[in-house]
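Spelled out from the first residue to the last, the chains are:
Protein chains: 2
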Amino acid sequence: MDGSHWVGVKAIAQEMGRRGHKVTVVIPEISIRMGPGEHYDTLTFPVPYDQAYIESVMATNKDVIKRSSQSFTEKIRTKFSQVKRIAGFLHITAESLLFNDSLISHLAEQNFDAVLTDPMVPTGSLIARKLGIPTINLLRGIPCSLDIKSAGCPSPPSYVPRFFTRYTDKMSFKERTVNTLVAFLEPLLCRLMFWYFDEIAYRFLGEEIGVAEVLSDSAIWLLRMDFTLEFPRPIMPNMVLVGGINCNVRHPLPEDLESWVSGEHGFVVFTLGTMVSELPEETTAIFLDAFRQIPQKVIWRYSGKVPDGVPENVKLMKWVPQNDLLAHSGARAFITHAGSHGLFEGLCHAVPMVMVPLGGDQPDNAERLASREVGVVLDIYSITTESLLWGLNEVINDTRYKENIQTLSALHRDRPVDPLDLSVYWTEYVMRHKGAKHLRSAVHDLNWFQYFSLDVLALLATVVLVVVILSVQCLKLFIRKLGRKRKQD
Amino acid sequence: MDGSHWVGVKAIAQEMGRRGHKVTVVIPEISIRMGPGEHYDTLTFPVPYDQAYIESVMATNKDVIKRSSQSFTEKIRTKFSQVKRIAGFLHITAESLLFNDSLISHLAEQNFDAVLTDPMVPTGSLIARKLGIPTINLLRGIPCSLDIKSAGCPSPPSYVPRFFTRYTDKMSFKERTVNTLVAFLEPLLCRLMFWYFDEIAYRFLGEEIGVAEVLSDSAIWLLRMDFTLEFPRPIMPNMVLVGGINCNVRHPLPEDLESWVSGEHGFVVFTLGTMVSELPEETTAIFLDAFRQIPQKVIWRYSGKVPDGVPENVKLMKWVPQNDLLAHSGARAFITHAGSHGLFEGLCHAVPMVMVPLGGDQPDNAERLASREVGVVLDIYSITTESLLWGLNEVINDTRYKENIQTLSALHRDRPVDPLDLSVYWTEYVMRHKGAKHLRSAVHDLNWFQYFSLDVLALLATVVLVVVILSVQCLKLFIRKLGRKRKQD
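If you read the protein sequences in the order shown, they are chains U and S. Be aware that the first sequence starts at 1, since it is given in the working numbering, and climbs by one per residue. Be aware that the second sequence starts at 1, since it is given in the working numbering, and climbs by one per residue.
In case anyone wonders, no lab produced these hints; they're calculated from the structure. None of the values given here were measured: they were computed from a predicted structure. Among the clues, some could well be false.
Mimicking DSS-like on lysine-lysine, the simulated pairs with C-alpha atoms at most 30 Å apart in a straight line are [unchecked claim]:
#1 S:K437 / U:K402
#2 S:K22 / S:K79
#3 S:K434 / U:K402
#4 U:K170 / S:K437
#5 U:K437 / S:K402
#6 S:K79 / S:K305
#7 U:K434 / S:K402
#8 S:K149 / U:K437
#9 U:K149 / S:K305
#10 U:K149 / S:K170
#11 S:K75 / S:K318
#12 S:K476 / S:K487
#13 U:K170 / S:K75
#14 S:K437 / U:K174
#15 S:K79 / S:K318
#16 S:K170 / U:K130
#17 U:K170 / U:K84
#18 U:K318 / U:K10
#19 U:K149 / S:K130
#20 S:K170 / U:K434
#21 S:K149 / S:K437
#22 U:K437 / S:K174
#23 S:K170 / U:K437
#24 S:K10 / S:K149
#25 U:K170 / S:K149
#26 S:K487 / S:K149
#27 S:K130 / U:K170
#28 U:K149 / U:K10
#29 S:K84 / S:K130
#30 S:K149 / U:K174
#31 S:K174 / U:K149
Label pairs and their in silico Cβ distance ranges [claimed, not checked]:
#32 S:R18 / U:K22: 38 to 46 Å
#33 S:L131 / U:A87: 56 to 64 Å
#34 U:P36 / S:R432: 25 to 33 Å
#35 U:N111 / S:S262: 41 to 49 Å
#36 S:F173 / U:Y202: 26 to 34 Å
#37 S:F173 / U:P36: 53 to 61 Å
#38 S:S471 / U:Y202: 35 to 43 Å
Built from N, CA and C at the ideal position, the CB exists for glycine as well.
Take the sequences, apply the hints, and build the full model.
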C-alpha cells in the first residue's frame with residue numbers, strides 16, 4: 001500500500017531490520033512515496049505506467065475538493081470517476097506483481113518466515129497464501145469492515161458506528177437504524193470493493209477462494225487504532241492495537257524553521273496529507289484571508305503554484321517535518337484533513353485541531369475527536385474566512401480544547417508497550433511460532449446462521465410451540481370430556 | 001477472596017508495595033490463608049466465627065469426593081449443603097466488613113486511589129462504589145458470566161462454551177443447543193448466586209442498585225486467562241489478560257528435597273489445591289497402589305492422617321513448593337485437580353498432566369487442556385488403579401504429550417509484558433488517570449433489545465411488511481380495474 005499506508009509498514013520494516021532480521025520490501029518501480037529506507041532491502045517490479053500517470057491519478061483529489069458550484073450529480077460523477085481511476089491503478093499494480101512469474105518464484109525461494117502487509121489492497125495476502133507464509137496485517141481498517149468480518153470479530157451496530165456515518169457510539173434510534181442499514185449493506189460494499197480482487201485471487205491461486213477467506217487466515221491484525229480516538233468496541237485475541245506508531249520518533253527542528261516559528265503567539269501547522277498538495281484557488285484565498293487576521297504564524301505544507309498575496313505570517317513549504325513541528329512547544333493549533341497519522345501525531349503532542357476532512361475515514365475520525373472536544377470540524381466544501389477564523393479562535397483561545405487534548409494525550413501515550421515495539425514483537429512472534437493458530441477463533445468454522453445460533457433458536461422455538469400446542473389440545477380435550485361427563489351426569 | 005483467589009491479589013499487592021505505593025489489605029481476623037506479606041499493611045476486621053468453623057466449611061470438600069456409594073439425590077443434597085455452607089460463610093464475612101462502620105469510615109479517610117478486588121465476592125466492589133474509588137478486578141471468571149455481562153462483552157454461545165458444560169469451542173448441534181440453553185439460564189444462575197449480595201448492596205449503599213450494575217462501573221478487568229488454556233473469544237478494551245501471574249517466581253528446591261527427587265526416572269508432583277488436603281481412605285489406597293507400580297518418585301501434598309503402607313517412592317508432605325518442583329527438570333507428570341493456578345504452573349514449566357477435577361471451573365479447565373492433548377482427564381469419583389496407571393503411562397511415556405505441552409508452554413510464556421508487571425501497570429494506570437472511563441463501552445447505556453437492535457429490526461421488518469402489503473393491494477386494485485375495463489370494453 002502506497003500513500004499514508006506506507007508510513008507504518010516502513011517503520012516496522014526498518015525496526016525489524018535494525019534488530020537483525022532480513023527484511024525485503026517488494027514495491028513497484030514507480031510509486032507515490034514508497035522506496036528504500038534503512039535496514040531493509042527493496043525488490044522492485046516493473047509496472048505498465050509512468051510517474052505522470054500516478055500524478056494524474058493524484059490530481060483527481062484536487063478535482064474532488066472543487067467548490068460547491070458542482071451539482072449533486074456532477075459531484076457523484078466526479079467521485080465515481082476518481083474511485084474508478086484509483087481502483088484501476090491498484091488493480092494494474094497488483095496484477096503486475098502477482099503475474100510476474102519470475103518474481104514470484106524468486107520470492108518463493110527465499111523461504112520467508114512471515115509477510116507484513118496492509119490488506120486494504122490484498123496483494124500481499126494473496127502471495128502469503130500462495131507461498132504458505134503466515135501473515136501479519138497492518139491497517140487502519142477496511143471501509144466495508146472486511147477486516148472485522150475476516151477476524152471473526154463481533155461488531156454490534158447498536159453501539160459500533162459504521163464507516164462514513166460520522167456517528168459516535170451513542171446513537172439515537174434514527175441513527176441506530178441508519179447504522180444497522182449500513183451494516184446490512186456492508187457485504188454488498190465489500191463485493192463492490194473486492195470483486196476484481198476475488199477474480200484475481202482465483203486466477204492467481206487457482207482455487208475457488210475469495211479475499212475474505214484468504215484474510216481470515218491472517219495470524220495477527222495490527223490495527224492502527226486507539227481507544228482515545230476510537231470508541232470502545234469488542235476486539236479479538238489476534239487483534240493488537242498499535243495506533244500512534246510514530247509518536248515517539250522526534251527530531252529537533254532545522255535552525256531556520258526554529259527561529260521562524262518562535263514568537264509569543266506561537267504557530268499553526270497546516271497540512272492536508274500526502275494525497276492533496278494544493279487546493280483550488282478560491283479555497284486557498286479563503287485560508288490566506290483568515291491567516292492574515294490571526295497573530296499566530298502559519299506553516300502550510302503546499303506544493304502547488306505559490307499564490308499571490310501570501311501574508312508575512314504564512315510560510316508555504318513543499319514538505320514540513322509535521323511530527324517535529326507538532327512536538328514543538330509553540331504549536332497552538334493543527335489544521336488537518338483528519339487522516340489517522342496526522343490525528344495520532346496531534347494527539348501524541350496534545351495540539352488542538354481544526355479538522356477539514358476530505359474523504360475516506362477522515363470525516364469519521366474528525367467527528368470522533370470533535371465528540372471529545374479536542375478540536376472542531378469544518379466542511380472544506382463550504383468553508384469561509386469567518387468559519388475558519390471561528391475554528392482557529394475556538395481551539396487557540398478557549399483553553400477547554402487544550403485541557404481536553406492534554407488529558408486525552410496522556411491516556412493515548414500511557415501504554416504498557418510502545419506501539420512500534422509491540423508491532424515488532426508480534427511480527428517476531430509470528431516468525432517464532434510459524435503463525436498464531438491458537439488465537440484464531442472457532443467462529444471461522446461456523447456459517448452465519450450457526451454463528452447467530454439461529455438454527456438452535458429455531459429448534460427451541462419449535463419445541464416451545466409444540467409444547468404449547470399440545471398443552472392447549474390436551475386442555476381442550478379435557479374440558480370437552482369434562483363437559484360430556486357433566487351432561488351424562 | 002480467600003483460598004486460591006488470594007494468590008494473585010497478594011502477588012499484585014506485594015509488587016505494588018515494592019514499587020513504593022502504600023498498599024492496605026483488608027482481611028478478616030480469621031481466614032483460610034490470607035495474611036500479612038511483604039511490602040503491604042494489613043487491616044483486619046472481627047468476624048463472628050472461629051478457625052474451627054472455617055475448618056468445618058473446608059471439610060465439606062472431602063465429603064463431596066466421597067465415592068460413588070452415594071445415590072444421585074444424596075449427591076445433590078451433599079453438594080447443595082456444601083454450597084449453602086460456603087455461601088453462608090461468604091455472606092457473614094462480607095457483612096462483618098461492610099457493616100463495621102468505624103472501619104468503613106477509617107477506609108474513607110485514607111483517600112485511596114484505587115481498589116483491587118476479586119469481584120467473585122463483590123464486597124470490595126461495594127466499598128469502592130460507596131467511597132467513589134475506581135476499581136480494578138482480578139478474577140478467573142464468575143460462573144454465571146456476570147463478569148462478561150458487566151464488562152459488556154459479547155459472548156456468542158455458538159462458539160464460546162459456557163461454564164460447567166465441559167465443551168470446547170467446536171460444538172456439535174446438540175452441544176450448541178445445550179450451550180445456548182445454559183446461556184439463557186445464566187441470568188437466573190446470577191440471581192441465585194448474588195441475590196443476597198444484591199440485598200446487601202441495597203442495605204450498604206442505600207441505593208436501588210444490583211451487583212451487576214456496580215460491577216459494570218469497574219475500570220479494568222484483569223482476567224487470569226490465557227488463550228493457551230482458554231479458547232479464543234471476544235474481549236473488551238478494558239479487559240487485560242494476566243493468566244499465569246506467578247510463572248516466573250522461582251526458587252531452587254531445599255537440599256533434602258533436591259536429593260530425594262533426583263534419579264533417572266524423574267518424579268511426579270501430586271496436589272489437589274488448597275481446598276482439599278486429604279482424600280477418602282479408599283481413594284488414597286487407589287493412588288498408593290498405582291504409585292507402587294511406577295518407577296517415578298511421587299511427591300504428594302497431603303496433610304491428613306498418614307495412611308498405612310506408603311511405598312518407598314512416595315513422599316507425603318504437608319506443603320510442597322509446587323511451582324519450584326514443576327520447574328525442576330526431573331518433573332515427569334503433574335497430578336492436579338485442574339485449578340487454574342496449578343494448570344498455569346504446569347503450563348509454564350511444560351509438565352504433562354493427569355487431571356482429576358473436583359468442581360468449580362476445574363472440569364472445564366481440564367477438558368480445555370485435554371483438547372490440546374497436553375494431559376488426560378480422570379474422574380475422581382470412579383478412579384481405579386488401572387485408570388490412574390493408564391493416565392500416568394500416557395503422559396510420561398507417550399512423547400506426544402510432552403511435545404504438545406512444550407509447544408503450548410512456549411506460546412504461553414511468549415507475551416510482550418510479564419502478567420504480574422502488566423497487572424501492576426494497569427493498576428497504576430487506574431491510579432494515574434482516576435479510572436479508565438474512555439475504555440468503558442457505550443453498551444452500558446443500552447437495554448438488551450436495543451443492544452441486539454431488536455427495535456430497529458422490528459421497525460425495518462414493519463417497513464418491509466407494509467411495503468409488501470401495499471404493493472400487493474395496489475397490484476390487486478390494478479388487476480381488478482384492468483378486469484373491469486376489459487368487461488366494459
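Indices of hints not satisfied (ascending): As far as the earlier hints go, 2, 9, 13, 17, 19, 26 and 34 are violated by this structure, in ascending order.
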